[in-house]
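Listed below are the residues making up each chain.
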Amino acid sequence: MKNTTFKKTQLATSMALLLGSTLAMPSYAQEDETATPEEGEVEVIQVSGIRGSMIRSMDLKRSSNGVVDAISAEELGKFPDTNLAEALQRITGVTISRNNGEGNEITVRGFGPEFNLVTLNGRQMPGTGFTRSFNLSNLSSEGVNTLELQKTARAENPSGGLGATVNIITMKPLAQSGQQASFSVKGIYDTSNEEGDDVTPEIAGVYSNTFADDMFGFGVSFSHQERDFQQQAANIQGWQLQENDALPELDPENVVDNRSNITNAAFFPKDMNYSISDVQRERSNAQVTFQFRPIDDFTATVDYTASRATTGTNTVGWGIWNNFGSNINAYELDANGTAVFADISGDDGSFTASRNTTRVDARSIGINLDWMVNDDWHLALDYHDSYNEIDNGYDEGLGSSGQIILGSNQLQSKVYDYREGDIPQVFVNWNNGTNEIAPGEIDSNFSQFIYSPGRSDIEQLQLDGTWFNSAFDIPLIKVDFGYARTEQALSGFNAWSGLRGGPGFNPSFTQIFPDSMFVRNDTSGFLDAFSSGGANMNPGYYYTFDFDEAIARQLAFITADVVGEANAYSIDPYYMGAPSVSNVEEITDSIYVQTEWDFELGDYYVQINAGLRYEETEVPSSAEVRVPQQVNWVAASEWITQFEEGLQLQDFTGEYDILLPMFDVKVDVTDDVVARFSWGKSITRAPIGLLQGGLAFSGSPKIGARTASAGNTSLLPFESSNLDLSFEWYYDEASYAAIGLFRKSVDNYITTTGQDRQFEGLNDIYLGPRWNEAVNALEAAGTQATDSAIYDYFVNNGYADENGVVTPNADDPLITWRTTQPGNSSDAKTVEGIELAIQHTFGETGFGFGANATLVDGDVEYDPYNLEEQDPLVGISDSANFQVFYEKDGLSAKITYAWRSDYVVGIGQAQGSSDNPATQFDTYAQIDASINYDVNEHLTVFLEGININDETERGYGRFEEQFLFARQYGPRYTLGARYTF
Amino acid sequence: MTKHASKITRITAALSVTTLFGCGGGATTSTDIDVVDASAPVSDWQLVWSDEFDGSSIDENKWTHEVDCAGGGNNEAQCYTDSESNSFVDNGMLNIVALPAEEGAPKPYTSARLNTRYKGDFKYGRIEMRAKMPEGQGSWPAFWMMPTDEVYGGWPRSGEIDIVEAVNLKAADIDGNPENHIYGTLHYGQEWPNNDSSGQAYSLPNGANPADDFHTYAIEWQEGEIRWYMDGYLYATQRRSEVRENSKGEATGLSHRGWYAEYYEQGTGELTTHWDNAPFDQEFYLILNLAVGGAWPESVNETGIDAEAFAEGQSLEVDYVRVYECASDPMTGKGCETVRPGYDSLEDALVEGAAPIPSPPSTGIAQNLTIFDGTPNPNWPAWDCCGGSTPALVEDAEEGQVYEFSIGDAPTVMGFISRSAFITDPDGQASPFDASPMEETGSIKFDLKAVALPNNATTSWLFKVESSEGSTFAELPLKDGYVGPADVAGDTPEQGVWESYEFPLSVLAEAGLDTSAIDVIMVFPLWDTGSGAVYRMANVEISQEGGASYPELTIFEDGQNPNWPMWDCCGGSTPTEEMDDEEHGLTAEFRIGADPTVMGFTTRAIDGGGATPFDATALTDGGLLQFEMRVVSSPNNPDSTWLFKIESNDAATAVELPLSDSVEGQAPVEGEWQTYTFSIADLQARGLDVSGIDVIMIFPAWSTGEGAVYRLDNVKFFHPDSGNEAPAGGLNIFSDTAAEQWSIWDCCGGSTPTEEVDDAEHGTVAEFRIGEAPTVMGFLADEDVSYDASALLSTGVVRFEMKVSAMPIDTSGDWLFKIESIGASTAVELPMSASLEGVAPVEGEWQTYTFPLQTLYDAGLDISAINVLMMFPTWGTGNGAVYRVDNVEIAAQ
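Chains X and R are the protein sequences, given in the same order. Residue numbers for the first sequence follow our numbering, so the first one is 1 and each next one is one higher. Residue numbers for the second sequence follow our numbering, so the first one is 1 and each next one is one higher.
Hints are not guaranteed to be accurate.
Claimed, not checked - Here are the simulated EDC-like cross-link-like pairs (lysine to aspartate or glutamate), alpha carbons at most 16 Å apart as the crow flies:
| id | chain 1 | residue 1 | chain 2 | residue 2 |
| --- | --- | --- | --- | --- |
| 1 | R | Lys645 | X | Asp857 |
| 2 | R | Lys132 | R | Asp213 |
| 3 | R | Lys107 | R | Asp68 |
| 4 | R | Lys645 | R | Asp682 |
| 5 | X | Lys702 | R | Asp427 |
Because the hints were derived from the structure by calculation, they are not lab data.
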């Protein structure tokens with residue numbers, strides 16, 4: 001067998017074994033024959049550090065079938081980035097979305113988190129909450145050996161990664177004989193922090209050992225991190241389209257209209273609010289692994305992984321709310337029709353306090369049996385049971401996520417001004433004649449309490465086998481095959497208190513809050529990374545108040561006696577009654593076969609991988625629905641659906657099957673150059689929320705409005721055909737350059753469509769015999785047969801009961817209901833792009849760099865001038881990464897730069913307008929740096945800086961002038977030490 | 001490497017999974033809703049003055065002894081001394097002791113009264129005392145405050161604040177139980193003896209007697225509000241009066257009747273009523289005293305003074321007196337309120353004050369008043385002030401029935417009066433007349449014949465008018481008003497001749513009369529010189545010539561006004577005159593073709609008009625533009641809306657509105673004649689220069705009109721008070737369907753009231769169904785929409801028909817009618833049985849309920865901006881009620 005320049009490290013080899021058959025196994029299988037670690041003769045090339053990580057990553061990329069990128073631990077317990085999402089963004093084509101300034105979800109080649117599958121040691125992991133996407137920020141990087149990102153389809157992978165499949169590979173004790181341990185302590189200094197501790201601890205450790213001559217292995221990794229920080233933000237919830245005839249006629253002196261690019265519409269901000277969130281987060285991760293290897297060819301592994309992230313957030317906010325119409329007093333429109341200045345009367349200005357503690361708990365227990373039966377057969381069985389639970393009710397005393405809105409409507413007008421600066425300004429002309437409200441004028445608006453836990457469970461059994469061809473003299477090397485069953489269940493509900501205290505300011509409750517409850521703050525230091533932020537803000541103040549006290553006082557005063565039961569103050573999220581619970585299950589059976597062929601074609605060594613995966617999915621969904629009995633005609637223009645008493649539990653089951661072929665060719669063009677071609681299909685299943693069954697009928701089905709709506713348990717997955725072409729030049733030990741072209745064409749986008757349906761037993765008085773009789777009689781009498789006339793005819797002819805209610809007869813025709821349901825559209829959308837990467841080390845100087853860029857283009861782009869609803873490809877953006885490092889003599893330093901161009905986050909805004917404008921994210925570029933110094937063989941001290949350029953996030957709507965948000969987190973630094981035994 | 005193994009094992013063990021997860025909690029937020037006791041005073045109350053009485057004697061730097069035997073102005077039975085036997089500090093307590101006086105003393109008891117005037121004077125704050133009260137019939141301890149500088153005049157004009165008083169504690173009350181009440185009171189208003197006060201009594205819920213133990217008594221005093229507390233419980237709130245204003249900013253009454261002040265206005269020197277923070281907006285000092293006897297204690301409980309109770313002395317024991325300032329805002333004392341639910345409710349702690357209620361404002365609509373024209377006006381009886389006679393109705397040869405006044409020996413004045421004290425006719429009611437709208441043009445007129453001159457024949461005759469119970473008046477020589485029949489007035493009326501008199505209101509106003517509430521008209525010989533006079537009066541009226549003289553313009557009425565021809569702007573057509581039904585006769589017909597256009601009437605010369613723009617300035621107060629229109633066929637475009645546009649001065653200003661924004665609030669219905677009315681004031685408010693109106697247009701929205709054919713008639717500008725035009729037709733809120741911009745409404749029950757078809761007579765009606773959730777239901781105007789019924793005040797009613805299909809399960813409630821003005825700024829709620837019909841609902845029957853606007857107005861409704869009407873069973877008792885409502889209207893009776 002041809003062994004190229006592949007350099008085997010101890011880590012790489014052991015990894016190959018541990019991964020079993022599910023992932024990297026095939027390419028290493030041959031090497032097992034020549035060098036297995038168990039033989040104890042492995043040359044230990046313990047290349048650690050940045051360079052080691054790069055070499056291992058590069059080797060993995062090179063040796064894989066299809067397009068695979070990887071990030072490898074620098075050494076035990078040290079990953080290049082502490083956050084897994086942030087680590088992944090170093091990979092070509094991967095961009096991340098941040099939450100609280102920390103990467104949490106990945107977008108690959110323009111396909112967002114829901115389109116990517118995250119697996120842990122080859123196991124499909126449940127999404128966070130009532131979603132499919134996995135929040136990577138809840139998992140620490142200690143204990144992770146390798147992150148593997150597979151961009152091309154592979155038959156043996158669990159399906160779901162339309163964009164990519166990320167496999168997180170953790171440390172295994174038997175991978176390395178004997179005891180291994182590393183322990184680190186860090187202090188995190190988050191410059192943004194105001195309320196919590198300025199320096200918060202992180203401790204992490206990895207320990208593994210083998211016993212009884214490597215028959216038993218035990219490994220444990222843990223990490224505990226605390227982080228306190230502050231997020232500052234300015235937000236607009238949406239831009240409202242105002243067509244010209246909706247604009248009030250104003251004195252010309254109050255209007256500046258610079259519209260030239262658009263002339264038929266203007267856009268106004270629904271609100272403007274500013275917020276400061278003080279966040280305390282605590283994250284604990286642990287993994288325990290036992291391994292048992294009674295004989296060389298059999299390994300049993302049991303592992304248990306647990307993580308818990310608790311995030312407590314206290315937010316204060318202030319801002320204005322706008323409605324539109326004749327209350328617009330003055331405005332200035334720019335060339336695109338965006339109001340850059342508006343003076344608007346009515347509504348209110350407010351001060352808000354919100355609080356919640358959200359806990360995300362994830363547990364996974366798994367067992368893996370791996371048996372090399374003989375030289376020809378390898379079998380593996382893997383089973384795991386995992387769940388992920390998100391619960392926002394961990395505030396002690398509240399049990400929900402609460403929001404208190406105080407404020408006042410005692411104002412003349414509110415002025416929005418974005419003619420200067422990079423965040424808009426607003427001020428209120430209060431009735432007190434100033435731009436500043438007095439504490440004594442602050443009133444109760446309303447509070448709301450939401451409890452919305454979600455849980456996602458996955459149970460998965462995978463059986464894999466490999467047959468190595470020694471029987472036939474053909475280039476077939478091996479055949480992989482397998483069966484898997486994946487049962488996924490998601491459930492969640494949303495309990496909402498309603499608007500407690502009665503929305504609005506009538507009656508007024510200003511007197512129930514002592515003035516001393518309000519603390520006046522000035523805005524210096526707030527959003528000061530922006531030119532119009534900080535002390536430059538107008539009017540430059542905001543009030544904060546004590547969350548607990550505001551509740552206590554409103555509870556004591558705004559009682560049912562004072563405002564009535566309907567408005568009484570309460571913190572009960574169930575005040576409006578028990579919410580309905582959403583449940584969705586998905587059961588998928590799959591089988592696959594995958595073959596590998598090796599042969600030489602001319603001078604070229606060619607490897608072909610071809611496979612097929614077949615899946616059958618069943619989606620049982622139970623829903624509690626109101627069952628219609630009949631539709632009565634109760635007045636000329638009133639039709640009422642009469643429902644059966646109580647709710648009926650209905651089961652809906654959707655089913656579909658899918659065939660996923662794949663085909664990879666890899667050619668070693670020269671010793672250093674690899675060329676690849678891949679074609680395959682990948683899928684991502686439909687969003688959970690749309691899969692719920694149950695048909696909801698209109699309660700007032702007037703003629704022309706007989707409507708019903710439903711989810712669709714039979715929604716097909718999004719299906720992508722992927723084409724990849726890649727050239728890679730491995731010109732040095734840790735250096736390579738690569739260029740890749742890709743094209744993804746995605747089918748089965750989801751649209752909501754209407755369909756006319758009839759249901760047995762639901763008869764229609766309309767156009768029934770009596771109806772027709774009435775029409776004929778009326779027309780014969782020369783009367784116009786309006787519904788009123790027909791109804792009167794019914795009443796006069798005794799077709800209605802004493803209350804004027806007409807009920808349907810059996811001989812009436814069936815009602816035709818316009819039922820809307822999400823369905824798969826036949827439109828395909830295509831993304832294509834080019835990926836460039838280079839990684840270079842300058843010989844023995846210790847210097848090196850890595851750079852990559854991805855340029856992506858989609859065929860459906862967003863047109864900001866188009867006022868119709870659009871359906872572009874979202875998330876598409878160019879991205880680039882650059883990294884320089886120096887590593888020599890125990891000192892290493894690294895600076896990384898990650899850049900992402902602006903992109904469409906999605907269609908629609910929080911306060912949507914009928915035109916469904918986009919939400920777009922502005923260009924983002926972050927610089928991180930780190931320095932490591934090895935004090936001695938065991939002890940390393942390090943300093944890391946994240947976002948040292950204090951990059952901020954900005955979003956906008958149709959145009960950049962349609963500001964949506966700006967966020968500021970500040971840099972954070974970590975000083976730490978790691979001790980390796 | 002192995003040497004580290006054991007250490008690592010230990011570390012690992014210590015950091016087991018459990019341990020790790022056990023450290024959670026640092027990031028968890030924790031809400032404590034008990035963090036504050038909302039019923040306790042806030043920390044912003046900062047102590048600024050106190051006496052803890054921990055010394056050995058009374059602190060002369062804080063307290064002054066009042067030494068007198070004046071009896072406190074209440075005929076009290078004690079002399080106040082500075083003797084140590086009457087007041088001393090002992091054991092951390094101030095003792096004020098009432099003792100029997102020595103034989104021969106000026107008063108039978110001695111006691112003490114201490115004040116802090118000029119030593120401790122305070123404006124706003126929390127004032128607190130912990131004390132144990134004395135007991136016994138005749139005991140009257142008090143902790144109170146008086147004004148330091150008496151800025152507003154003598155007692156009680158500058159106010160008095162009684163923080164706590166008690167009388168006769170433990171003496172038997174009317175039921176024989178020991179008295180245990182305390183009182184918090186304010187004194188204010190007019191000079192004694194017309195002084196006013198308001199206050200609240202309180203006793204502890206457990207019946208504990210304040211004379212048995214120490215309790216805390218406090219007030220919190222801030223600008224415009226004072227609250228009383230005993231042991232931290234707020235038992236009374238008093239506030240300044242709030243003058244209620246209508247949407248035009250005119251005072252119409254009091255939205256809260258609280259305290260007031262009456263004092264001489266600086267500058268004018270007039271004694272004026274002030275509904276504001278005065279007199280409780282100045283510095284007050286503290287007083288602590290224990291009176292014995294006096295008017296109050298001696299007249300209640302066991303009456304008199306129980307000498308036994310005082311034989312060994314009675315003591316007011318004070319642990320401390322503390323004064324706090326609201327640090328949030330010492331200037332107003334606001335921002336530190338210790339309040340509880342109900343503290344601001346008249347049904348709970350809020351005390352109604354004694355402020356006079358300002359008279360309703362002028363409606364601005366001039367109406368002529370006939371006081372007497374041969375038939376007695378029950379609201380304006382003829383009146384003899386002081387002579388004891390009753391003016392007689394007699395038959396006069398010339399004038400028919402007239403009133404004859406005869407003056408005897410007793411001095412008197414005579415005339416006509418509209419004050420309740422003098423109205424005897426059961427149908428009559430005091431109706432002060434608002435002549436202010438015609439103050440410039442109107443006059444008081446009457447005819448007078450002297451049947452017999454007074455014995456003192458040369459005495460002068462006077463004419464006098466009063467308003468508002470005599471608060472203003474004008475008195476003029478009678479001859480000043482002489483208008484005939486002779487050319488020149490004689491010095492006295494000519495005996496046996498009917499003479500006419502007319503006094504212009506402007507002259508009377510000049511002479512000091514407030515013309516907005518005229519309630520007496522008098523004619524008489526000079527006081528005490530009239531004996532023997534007999535005179536008759538007839539045709540007594542307050543009026544202006546020809547009612548109002550408002551400009552008017554008829555643009556189309558059975559034919560076009562040649563100065564204002566029919567006009568098609570841009571469509572090239574010529575509108576025609578067409579015969580319509582009998583009622584309308586010749587009408588103006590407009591037909592819109594394919595070319596976008598607008599149509600209407602113009603007076604612009606360039607368009608063929610007579611160049612006679614209309615000046616509607618004089619119509620801005622109540623004037624209208626009104627027309628009738630029938631849409632013969634609607635535009636082809638179903639989305640088209642009908643618009644009204646009016647321009648002035650060659651389109652220098654213009655107003656365009658949907659027709660549905662007319663007073664009637666209705667959009668056109670094909671085939672039906674409908675009336676559309678726009679108020680000139682409204683058009684002016686929307687920017688129209690009403691002084692040069694030159695085009696009016698009625699049309700479907702531009703370029704959506706094709707196919708429209710419509711007819712207009714009776715297009716005119718006018719004032720409803722001129723001539724015979726009926727006032728604006730009122731508002732039909734629900735009849736088959738809700739009016740434009742009004743909807744059927746369930747406040748809080750979450751239901752959607754429906755339109756149902758009832759019997760033939762009612763057709764489609766509104767049906768309301770009340771479920772378990774307490775709610776009220778009715779009709780609600782859209783945001784910012786309301787109806788101004790001011791023009792209908794005197795004649796208008798709110799009327800509706802209602803049928804209860806199912807009575808509520810809980811029968812304890814009443815059926816109520818409630819009407820509100822915009823923003824719930826004012827509201828009136830009445831039982832349905834208070835309607836003119838006077839009946840309560842009967843299940844299954846359609847019944848009509850009528851409420852006069854005047855009644856609603858008098859009860860406090862701002863009728864200029866009505867936006868909600870509700871019909872419902874008492875809150876919380878409505879479950880199960882199903883009822884239907886139809887023909888809801890605000891209309892002229």
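Hints versus structure:
1. R/Lys645 to X/Asp857: It is violated: about 53 Å lies between the C-alpha atoms, which goes past 16 Å.
2. R/Lys132 to R/Asp213: With Cα atoms ~5 Å apart, lysine 132 of chain R and aspartate 213 of chain R stay inside 16 Å; holds.
3. R/Lys107 to R/Asp68: holds, 10 Å
4. R/Lys645 to R/Asp682: holds, 13 Å
5. X/Lys702 to R/Asp427: violated, 54 Å
This entry does not satisfy hints 1, 5, going by the numbered hints stated previously.
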